[in-house]
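If you read the sequences in order, they're chains A and B.
Its first residue numbered 1, the first sequence is counted upward by one per residue in this note's numbering.
Its first residue numbered 1, the second sequence is counted upward by one per residue in this note's numbering.
Everything labelled a hint here was simulated from the structure, so no lab data went into it.
Where hints are given, some of them may not hold.
Claimed, not checked - If you only want the chain A side, here are some residues facing chain B, beta carbon under 8 Å, derived:
1) Glu-43
2) Pro-45
3) Lys-103
Claimed, not checked - FRET-style restraints, in silico, Cβ to Cβ:
4) A/His-60 to B/Glu-59: 27 to 35 Å
5) A/Gly-16 to B/Gln-29: 37 to 45 Å
6) A/Asn-42 to B/Cys-13: 41 to 49 Å
7) B/Ser-70 to A/Ile-28: 27 to 35 Å
8) A/Ser-113 to B/Leu-116: 41 to 49 Å
9) A/Gln-26 to B/Pro-40: 21 to 29 Å
Even for Gly, the Cβ is constructed at its ideal location relative to N, Cα and C.
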Amino acid sequence: GDSVTQTEGLVTLTEGLPVMLNCTYQTIYSNPFLFWYVQHLNESPRLLLKSFTDNKRTEHQGFHATLHKSSSSFHLQKSSAQLSDSALYYCALSDRYGSSGNKLIFGIGTLLSVKP
Amino acid sequence: GALVYQYPRRTICKSGTSMRMECQAVGFQATSVAWYRQSPQKTFELIALSTVNSAIKYEQNFTQEKFPISHPNLSFSSMTVLNAYLEDRGLYLCGARDRQDSYEQYFGPGTRLTVL
Chain A
1 GDSVTQTEGL
11 VTLTEGLPVM
21 LNCTYQTIYS
31 NPFLFWYVQH
41 LNESPRLLLK
51 SFTDNKRTEH
61 QGFHATLHKS
71 SSSFHLQKSS
81 AQLSDSALYY
91 CALSDRYGSS
101 GNKLIFGIGT
111 LLSVKP
Chain B
1 GALVYQYPRR
11 TICKSGTSMR
21 MECQAVGFQA
31 TSVAWYRQSP
41 QKTFELIALS
51 TVNSAIKYEQ
61 NFTQEKFPIS
71 HPNLSFSSMT
81 VLNAYLEDRG
91 LYLCGARDRQ
101 DSYEQYFGPG
111 TRLTVL
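Start from the sequences, fold in the hints, and give me the full structure.
Okay, structure coming up:
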């Protein structure tokens with residue numbers, strides 16, 4: 001079935017260092033739609049990035065990701081981590097053209113902790 | 001802007017009792033509503049997907065008998081957790097989409113259910 005695999009557990013970084021959170025997926029969808037959601041403590045998930053275009057970089061709020069269908073990957077990156085980036089990050093998969101386009105399949109989540 | 005409200009934000013119920021939660025879309029028409037559950041230490045699982053003028057689709061391990069959903073109009077949806085037990089505790093999220101061709105899903109803040 002469809003699934004999303006992320007960097008598991010806790011990633012701890014020092015402020016100013018680059019961020020790289022891995023996300024790979026498996027799907028039968030011929031047109032996968034990939035998302036990154038960020039969830040701060042006691043808040044609901046908020047959309048950070050999305051993409052369905054192969055090999056095109058998408059950016060928002062300093063974060064970027066590129067969907068690579070050849071490797072089924074959608075890694076999240078940022079050049080310099082900030083303290084406020086500490087949160088849970090979820091990679092999610094949807095079917096762009098399917099009737100179940102509202103169905104998101106979430107990865108397990110990666111907790112990013114940025115230290116001074 | 002598009003907002004999704006959920007209430008109650010937190011609720012506690014006794015084991016074996018039922019609890020109803022609501023989801024309201026403001027600023028857009030929620031043509032499709034997805035209900036998710038985030039159990040403790042786990043990722044989000046889709047419970048069911050409700051699309052206007054279509055039957056509600058439940059995911060494996062979730063049934064209408066346990067989680068009846070109502071989606072009477074384009075701004076409101078509700079879900080009841082019947083006969084709640086310890087394994088039903090968690091954060092219940094409502095995700096709403098405003099058009100069939102829109103793949104951005106707006107999440108509410110969630111209803112956190114504690115079962116005693």
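Structure-based check of each hint:
1. Glu-43: holds (7 Å)
2. Pro-45: Because about 5 Å separates A/Pro-45 from the closest Cβ in chain B, which is inside the 8 Å limit, the hint holds.
3. Lys-103: Holds, because the Cβ-Cβ distance from A/Lys-103 to chain B comes to roughly 6 Å (cut-off 8 Å).
4. A/His-60 to B/Glu-59: 27 to 35 Å: holds (29 Å)
5. A/Gly-16 to B/Gln-29: 37 to 45 Å: holds (44 Å)
6. A/Asn-42 to B/Cys-13: 41 to 49 Å: Between A/Asn-42 and B/Cys-13, where Cβ atoms are some 21 Å apart, the hint is violated.
7. B/Ser-70 to A/Ile-28: 27 to 35 Å: holds (31 Å)
8. A/Ser-113 to B/Leu-116: 41 to 49 Å: violated (32 Å)
9. A/Gln-26 to B/Pro-40: 21 to 29 Å: holds (26 Å)
The structure shown violates the earlier hints numbered 6, 8.
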